[in-house]
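*Asks:* Please put together the full structure from these sequences, using the hints given.
First to last, the protein sequences are chains A and B. Reading the first sequence from the start, the letters are residues 1 to 216 in the numbering used here. Reading the second sequence from the start, the letters are residues 1001 to 1616 in the numbering used here.
Hint data in this document are derived by calculation from the structure and do not stem from the laboratory. Where is the CB? At the ideal position from N, CA and C, for every residue including glycine.
Counterexamples of contact, computed for chain B against chain A with all Cβ distances above 10 Å:
#1 Pro-1049
#2 Gly-1071
#3 Arg-1076
#4 Lys-1273
#5 Ser-1442
#6 Val-1589
Dumping the calculated DSS-like pairs for lysine-lysine here, alpha-carbon to alpha-carbon at most 27 Å:
#7 B:Lys-1433 <-> B:Lys-1468
#8 B:Lys-1148 <-> B:Lys-1498
#9 B:Lys-1309 <-> B:Lys-1440
#10 B:Lys-1206 <-> B:Lys-1146
#11 A:Lys-167 <-> B:Lys-1511
#12 B:Lys-1537 <-> A:Lys-167
These are the residues of each chain, in order.
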Amino acid sequence: MSPAVPVPSPVSFLEKTNAFFDRPLGKRGRLTVLVAALLLIPTFFFPLWNMTLFSNQFQDGLDLHIYSYTLAGGHTASRDDLREINTLNHYIGMRPLLESDFSEFTWLPLMTGIFFILALRAVVIGKVASLVDTAVLFMYSSLFSLWSFYHRMYQYGHQLDPTAPVKVAPFMPPMLGSRQLANFQVQCYPGAASYFMVAFFLLLVAALVITWVKAR
Amino acid sequence: MKKIERRALIAGSLEALGGLFLAGCRRRPKVEMRQGDVAEAAVATYVAPGDLDPYYLFYSGGQSGHIFVAGIPSMRHISTIPVFTPYPGTGHGFDKESKAMLGGYLWGDAHHVALSQTNGDYDGRWIFVSDNANNRMARIDLRDFKTKQILGPIPNVSGNHCSSFVTTNTEYVLAASRFSVPLPMGTYAPIEQYATVYKGVVAGVKVDPKTGEMSLGWEILMPPFDYDLGTTGKGPSNDWAFWSCYNSERATGKLEVTSTQRDRDYVTAVNWKLAEQAIANGKYKIIDGVKVIDPKDTPGVVYFMPCSKSPHGVDVTPDGKYIVGSGKLQSITTVFNFEKMLTAIQQKNFTGDEDGIPVLKYEAIKDAEVNVGLGPLHTQFDDQGYAYTSLFIESAIAKWKLGTWEVIDKIPVSYNIGHLCVIGGDTVHPDGKYVIALNKLSHGRHLSVGPSQPESSQLIDITGEKMKLLYDAFTESEPHYSQVIAASKIHPIEVYPKEESRNPNAIWDVKDAKIERDGTHVTVKMTAVRSNFEPNKIEVNKGDLVTIHLTNIEQTTDETHGFGLSEYNINTSIDPGETKTLEFVADKVGVYAYYCTSFCSALHQEMQGYLLVKPK
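*Replies:* What follows is the structure, encoded as structure tokens:
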């Protein structure tokens, strides 16, 4: 007979976890969270997502940049891309992309601000629990934002005006990657701000790991 | 390739004179090119699809009233800038603003273009062009290649041919009378009084250094000669302007005979800084609202330099030290030394006067008589110290060296060259590289298009010792003069940015489109965007005055929309971001379509609306 391996009871696991949650963050952990918080600042200066539409007559691509707080098109001396995209889209009955139609542009920056404050709170209060709260909430709201983005794209591609001059089958624009839509090669990729967001989350996790390793 | 009959080239004056006297007789191309040269020329002028020419060529369009724009070295015609003449292609002269600018004239005779200069080099801001017919001057902004101002008819200037040369910092654009008349314009005097009562005028049109806005500067009352071409000084001669003239005989009648009796005519030299001063000191009289200087009252402002018979071109070398006058009925071109001119003035080395204007002693101011060939007309300069003189009678260009005055090379052109143009050839820093021959006769060197033949221009390589013909191009009537500027010096916009729109009648949203009635005046604020006009229905009563403010709300390059109104003679084009105003009286009852005339989209045909005019 082999010696009985002690099975941790659920109660003791929770107790252990509780104890870990109550642990203060170490110096390195706090520093990591601080760096993470600071990474949220540049998200206001870079787009979250970029979409480029290439065609024969727009070989340099029509650019659409989605920021957390606004929608911007490429703008050169000879072209206003957002205006152009809306002009072209009206032929298939797509609603014009209007900044005022997106509630995201209000709550996304607010949310980013809240996460900035929550991260700073974790640095100051210095409990693992506050860090976990921040990370979990952030994951949830990021997934919600992604779903919201997906939903928007779906709506734009599906709620087409039935009286449009050019009838196309409802479609889902690409969120990630490249797709041919009529004469346009549409490329859609996350922008720098998204990478900062991901980096923010990864640093929160890193802070957790650092603290965990130290606790063992 | 079409086989062409090649003929041995017989150089010399016999053939050249033949060119003059047999003008109109059909001839075969005579300029021969070897096979190797053909390939070389093809490579030198070929601009591959998608590539850009490195230079802009601006042709004055003569009696068409336009300016033509081509690329160099491809010689491809790229665009036409309408100036003095209505042009349905862009709607010039149809909307309220440009219609007012044309002042009721249906045409102008666009003779000489002049790019604006800073420190004697083209600065790429504006191009000016003169109207020989109706005595006007126009300014085109090179930011959008549109005519922005037409000044004139300029009072007292009759036949504004020797215009629109600019001073080195675009302080003035020159103007002058080719056809002396009794002044002010509108005065009657019998032709027998020509020599005494008729007057010529040379003038400087003032240019605002910031906006380019032209206004009347100074005018100088001159003897009744025919002032022909002008130029401005550079460097040491910066403060001077020069005009050639024919008919110093003060003759009337059959001028080809009566005005060609004397062996010499004149180049007029004007110290424009002193002219400015004279005006500032109140030494002028007002004629027809303009400050006019009488040279009798202001000594030192004007002199005459005797020049070989009936000169056309007068040109100043890049260093500003020499003035080259070309007597088109002789075989020499005369080089005057500016320094000697000043000395002669100082020493009062005069041989007489014309209406109080001193005539300088020819021998005292001339440095050389260059034997360029028959019918020298216009001279331009390159960056290597060479001059290029067009020879109308001889149908050739002579290349000669400044300083040694020897003729180095000559190349035949097809045919009867008028002006020529070296890149930057009238600036202080010529680029050289090419000379463009603006030929008056093409004699069927192109696919035949019947008796009305196009004009011919030829591109010639001048980088080597020998000039090399590269390319023939043809234009509509009738380029007289041209200038070439590096493409890098011009920065055009391609849409009118919404942010810059200052037109109070502009609207930028389809929702703002509206029709308002004030008595019998109907005002429409209309948008044009792919592929609709808003409103697409305008209902008025017979006799209503209809004003349409039309804004193209596009911000994409080349998305120009047109607006044509059937049977109402209304047409215009509106570029992206542009607002234009159309005005007419709805005097015909019925229903008339308006539609987009400038192909814009897959649904361009659908871009239409109706004007419904109800009977009273």
